[in-house]
Amino acid sequence: GRVVYVGYAKKEVCYDTTPFVRKELDILGARNALREFPAVIKMIEQNEELFLSLVSRMYPFDQTAAALADWDAEPAKFAKILIEVA
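According to the working numbering, the stretch in the sequence shown is residues 1 to 86, in order.
Be a bit skeptical, because a hint or two may be false.
Only pairs whose alpha carbons sit at most 20 Å apart, straight line, appear in this in silico SDA-like list of lysine to any residue [claimed, not checked]:
1) Lys-80 <-> Arg-2
2) Lys-23 <-> Leu-68
3) Lys-80 <-> Leu-28
4) Lys-23 <-> Ala-86
5) Lys-23 <-> Leu-52
6) Lys-42 <-> Ala-86
7) Lys-11 <-> Ile-81
8) Lys-77 <-> Phe-51
9) Lys-80 <-> Asp-26
10) Lys-80 <-> Phe-61
11) Lys-11 <-> Leu-28
In case anyone wonders, no lab produced these hints; they're calculated from the structure.
Source: prediction; values computed, not measured.
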């Protein structure tokens, strides 16, 4: 699997790395590409049902640890997990 960090954190980020090692995840950093956002947002709005069908479960940001724990406990249940930031 892969975890993608988009943009730069304004503060230091700390978390348990155990799930990343157990799952042998790739961690990828990506800068925000603001000029591409309008086209991507339009595509998602026009195909919302298709987009949502790709997401196994959504979690609010404050439940990120629970999302990773759920995924670690039953990985076959998850194709994509969406963490809602705002």
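Here is how each hint holds up against the structure:
For a cut-off of 20 Å, the pair hint linking Lys-80 to Arg-2 stands: about 10 Å separates their Cα positions. Proximity of Lys-23 to Leu-68 is assessed by CA-CA distance (about 11 Å); at most 20 Å being required, the pair is judged to hold. Between Lys-80 and Leu-28 the CA atoms are separated by roughly 16 Å; this keeps the pair inside 20 Å, and the hint holds. Between Lys-23 and Ala-86, the direct Cα distance comes to roughly 27 Å. Violation of the 20 Å bound is thereby established for this hinted pair.
Proposed proximity of Lys-23 and Leu-52 is contradicted: the alpha carbons are some 24 Å apart, above 20 Å. At roughly 18 Å between alpha-carbon atoms, Lys-42 and Ala-86 fall within 20 Å of each other, so this suggested pair holds. Straight-line distance between C-alpha atoms of Lys-11 and Ile-81 comes to about 24 Å, which puts the hinted pair past the 20 Å bound. At roughly 18 Å between alpha-carbon atoms, Lys-77 and Phe-51 fall within 20 Å of each other, so this suggested pair holds.
At most 20 Å may separate the alpha-carbon atoms for a hinted pair to count; Lys-80 and Asp-26 meet this at roughly 15 Å. Taken as a hint, the Lys-80 and Phe-61 pair is honoured in the structure, with Cα atoms around 15 Å apart against an allowance of 20 Å. Distance hint between Lys-11 and Leu-28 is fulfilled; the C-alpha atoms sit about 18 Å from each other, no more than 20 Å.
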